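Asks: Chains A and B supply the protein sequences, listed in that same order.
Per the numbering used here, numbering of the first sequence is gapless, rising by one per residue and ending at 800.
Per the numbering used here, numbering of the second sequence is gapless, rising by one per residue and ending at 800.
The set of hints was computed from the structure by calculation and includes no laboratory data.
From a predicted model like this one, the values you see are computed outputs, not experimental measurements.
Fair warning: there could be bad hints in the mix.
Identical copies go unnamed one by one, so any copy, or any two together, can satisfy a pair.
[Said to hold, decoys possible] With a Cα cut of at most 35 Å, we get these calculated DSBU-like pairs of lysine-lysine:
hint: 1; residue 1: Lys761; residue 2: Lys790
hint: 2; residue 1: Lys685; residue 2: Lys586
hint: 3; residue 1: Lys602; residue 2: Lys685
Here is how the chains run, residue by residue.
2 protein chains.
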Amino acid sequence: MKIGVLGTGMVGQTIGSKLIELGHEVKLGARNADNEKASAWSDKAGSRASHGTFADAAAFGELLFHCAVGAAALEVLAAAGDANLSNKVLVDVSNPLDYSKGMPPTLLVTNDDSLGERIQRAHPALRVVKTLNTVNCSVMVNAGRVAGGDHTMFLCGNDASAKASVRELLTGGFGWKDVIDLGDITNARATEALLPIWVRLWGVLKTGDFNFKVMR
Amino acid sequence: MKIGVLGTGMVGQTIGSKLIELGHEVKLGARNADNEKASAWSDKAGSRASHGTFADAAAFGELLFHCAVGAAALEVLAAAGDANLSNKVLVDVSNPLDYSKGMPPTLLVTNDDSLGERIQRAHPALRVVKTLNTVNCSVMVNAGRVAGGDHTMFLCGNDASAKASVRELLTGGFGWKDVIDLGDITNARATEALLPIWVRLWGVLKTGDFNFKVMR
Numbered sequence: 585m586k587i588g589v590l591g592t593g594m595v596g597q598t599i600g601s602k603l604i605e606l607g608h609e610v611k612l613g614a615r616n617a618d619n620e621k622a623s624a625w626s627d628k629a630g631s632r633a634s635h636g637t638f639a640d641a642a643a644f645g646e647l648l649f650h651c652a653v654g655a656a657a658l659e660v661l662a663a664a665g666d667a668n669l670s671n672k673v674l675v676d677v678s679n680p681l682d683y684s685k686g687m688p689p690t691l692l693v694t695n696d697d698s699l700g701e702r703i704q705r706a707h708p709a710l711r712v713v714k715t716l717n718t719v720n721c722s723v724m725v726n727a728g729r730v731a732g733g734d735h736t737m738f739l740c741g742n743d744a745s746a747k748a749s750v751r752e753l754l755t756g757g758f759g760w761k762d763v764i765d766l767g768d769i770t771n772a773r774a775t776e777a778l779l780p781i782w783v784r785l786w787g788v789l790k791t792g793d794f795n796f797k798v799m800r
Numbered sequence: 585m586k587i588g589v590l591g592t593g594m595v596g597q598t599i600g601s602k603l604i605e606l607g608h609e610v611k612l613g614a615r616n617a618d619n620e621k622a623s624a625w626s627d628k629a630g631s632r633a634s635h636g637t638f639a640d641a642a643a644f645g646e647l648l649f650h651c652a653v654g655a656a657a658l659e660v661l662a663a664a665g666d667a668n669l670s671n672k673v674l675v676d677v678s679n680p681l682d683y684s685k686g687m688p689p690t691l692l693v694t695n696d697d698s699l700g701e702r703i704q705r706a707h708p709a710l711r712v713v714k715t716l717n718t719v720n721c722s723v724m725v726n727a728g729r730v731a732g733g734d735h736t737m738f739l740c741g742n743d744a745s746a747k748a749s750v751r752e753l754l755t756g757g758f759g760w761k762d763v764i765d766l767g768d769i770t771n772a773r774a775t776e777a778l779l780p781i782w783v784r785l786w787g788v789l790k791t792g793d794f795n796f797k798v799m800r
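Based on the provided sequences and hints, a complete structural model is requested.
Replies: Okay, structure coming up:
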């Protein structure tokens, strides 16, 4: 499948590389077509890897990943362009982290709204699925990295078929065994609100290789 | 030990009954000394159970539990009186839930402050330990009710010896096996922020008998 990955940081590169490994074609999107990180990544990632602008990556992908920092999400998607987003599934793995007041970060939006909802409202024809934002990027694409994959991923979104196809990717190549569908995109409020405890546990456990399992 | 439990709802009664079962003396505190629920509870709970005002319960207890609804917390503790609170350990199990905008509830305070911190700031001589607020009251006092107790409880607070004595109660009579100390009371922001996903999971799982386990 052709997949567009918006964002060239560690998260975008890790997801892009995993998708290449799974046999997909991936175009990494950046603000500028000559982004150095994206260029270096696509040189290394082989013949199915390419890069371009956010609009190039969005036009290329049948499926899209939003991997830019949360604070930039709306700007990134505006640059991608509605014509390139319409009716596509967008997996939003980002978090609205605000580091401006020091560590640990607070959230730019929370409680009665979320970044997932803001993206969905700004692009009504996009089928936003919020997931993977509750673990670090190494665990996102390889659930087995923690406790043999014995832990939980949440997803939410307004479009049932979009969620079904994302679930397939999660339980397939990404190795997730327990995926809980929380419901519509307003549930992004709940999964983004896991970040405050995530960053604190990261400090206590001294590793990002952990995750929650819902025991029931 | 003599323990004062502030709050006469299901949470206060469940914790009170468990503490009685563990051999402690418990006074349940209410707004008024003739509270019907508190009276019915202490009649049923046996000779080590009693009830009175918030101030009576606070004066009685060497250890205190705050089990009133979060929205009433500061008022309840003001009624308990600083003279009765000074230098005591208070286990705050409450959450700042706001049902005024419908379901699911939002939080009255979150992100850059928390109810745990507000209680600590209002009563500097109180040794506040925030814990147990991330599970329902049946699980609070009997961790084994879910997955044989194989899941995680968080605690935080500014006073190390207060946390040590609360940890002892959790891992003793309440049956908790994995208790993670997140640090000072500002970490209540993180554990109170688990409520949004808790209430949504309760809706999806159709039971309150679940909890998170931190897999690492």
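Asks: A separate judgement is required for each hint: does it hold in the structure or not?
Replies: Status of the hints after comparison with the structure:
In the homo-oligomer, the alpha carbons of Lys761 and Lys790 lie at most 35 Å apart both inside one protomer (25 Å) and across protomers (21 Å), since each shortest distance falls under that limit. In this assembly of identical chains, the alpha carbons of Lys685 and Lys586 never lie at most 35 Å apart, being 39 Å within a copy and 42 Å across copies at closest. When the C-alpha separation of Lys602 and Lys685 is checked against a cutoff of 35 Å, the pair qualifies only within one copy, where the shortest distance is 34 Å, while the shortest distance between copies is 42 Å.
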